[in-house]
Amino acid sequence: MQKYWGVQVTGIPRRIGGRPAFHHASALAISLSLAFAASSAHAEAAPPAAGETATQGLDEIVVTAQKREERLQDVPVSVVAVSSAKINELHAISLGSLAAFTPGLVVDDSSVTQPRFTIRGVATDDFGIGTEPAVAVFVDGIYTARTGSALIFFNDIERVEVLKGPQGTIFGRNTSAGAISIVTKKPEDRFTTTANFDFGNYGSKRIEAMVNVPLTHNLQVRGDVLINRRDGWLHDAVTGKGRGFIHTTSGRISARWTPDSATDIVFAWDHDETRNDGPVAIGISQAALSRDPFGPFTNDVVGGARETRLLNGYALTINRDITDGLKLTSISSYRRFSTSNREDEDGTNDPTRYLDTDNIESNKSFYQELRLSHDGEKLDTSKNRLILA
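Under the working numbering, the first residue of the sequence shown carries the number 12, and numbering increases by one thereafter.
Since the hints were derived computationally from the structure, they do not count as laboratory data.
Please note that the accuracy of each hint is not assured.
What the hints assert, rightly or not - Distance windows between CB atoms, simulated:
#1 Thr274 - Thr250: 57 to 65 Å
#2 Ser94 - Ala248: 41 to 49 Å
#3 Thr334 - Arg286: 46 to 54 Å
#4 Arg201 - Lys252: 13 to 21 Å
#5 Glu169 - Leu327: 39 to 47 Å
Claimed, not checked - Calculated lysine-lysine pairs in the DSS-like style (CA-CA distance at most 27 Å, straight line):
#6 Lys97 - Lys197
#7 Lys216 - Lys97
#8 Lys78 - Lys375
#9 Lys175 - Lys197
#10 Lys78 - Lys175
#11 Lys175 - Lys97
#12 Lys196 - Lys338
#13 Lys175 - Lys196
#14 Lys252 - Lys97
#15 Lys97 - Lys78
#16 Lys375 - Lys196
#17 Lys197 - Lys338
Computed from a predicted model, the values in this text were never measured in an experiment.
Glycine included, each C-beta is placed from N, C-alpha and C at the ideal position.
Please take these sequences and the hints and turn them into a complete structure.
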């Protein structure tokens, strides 16, 4: 069972003499938590005091499942929304971590460059360049054209929305099984810093740091960096090393400019660099059938598997309120990534029969969306125009 210990430090400074300064220690929120991947934590509410009435309410969750902000209970679509607080509580590092807590969603994240997403039993197993997935993944409204760039690690995430069932009417093609929408946090008009430290077995270390700085009254920048490390979980008796390590570094820098009350412009750059062991396997030795099946034995780990990914994405989102209830949205994006996935295919430890394959992919995509939406008493509609190259 995988265990994680997490420490979170958050600071919101106050101004002293025109300079930012942190409050005293009580203003820092420091929390320690122990979470198990196979179970969820539950809290028991304290009984009300004498003379008080017990009340319990649900926090309002706002989603963009129909490409406009709506309350979750008002959306006529099967949606599962996971907030940033829940992501931190579960110590989720990617979509693969949320699958166990999302009914109907299965994520095979054994390979970062070739993941598989399944919603309600529908998936696409072919990773060929001419095929498209049945489940589309969007990041801030931008379609990840290839699955090699779809499995991103969670850093500075606002929420994750899982839409079940065909979503072609609003999200276009490649959503026959459903869609997954990842929404990141945007720059704010106050100075904020956050640091998260997660530690686990197998030498797992996850360190994330964020800083949000308002440069002027209408210009803010936000930066986040994530370092994810894990040692190998399978011991190689020959080399003495562990197999199956994870080595990932990712980050995001965004800037937000509001020239007037009706215009909101956000530019973001995200980066991901992954260098992992490929899927770990144990080869079949030549004398495997002659051994005692119940006795202890040592066998070599199939070596040579490597998996790498280098990803850079640029996005410009412009929202303009034309009239009361009428909004024009433009989303422009350019994404570029390269992956390499090398695996041993013969399944034996015989070096004379060694056969491996290296799946190499280099992808560049441009995405442009223009959306005119109206939200009023008599008209509630949205028209999209998408361009994907």
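Going through the earlier hints one by one, which of them does the structure break, listed in rising order?
Checked against the structure, the hints that fail are numbers 4, 5 and 14, while the rest are satisfied.
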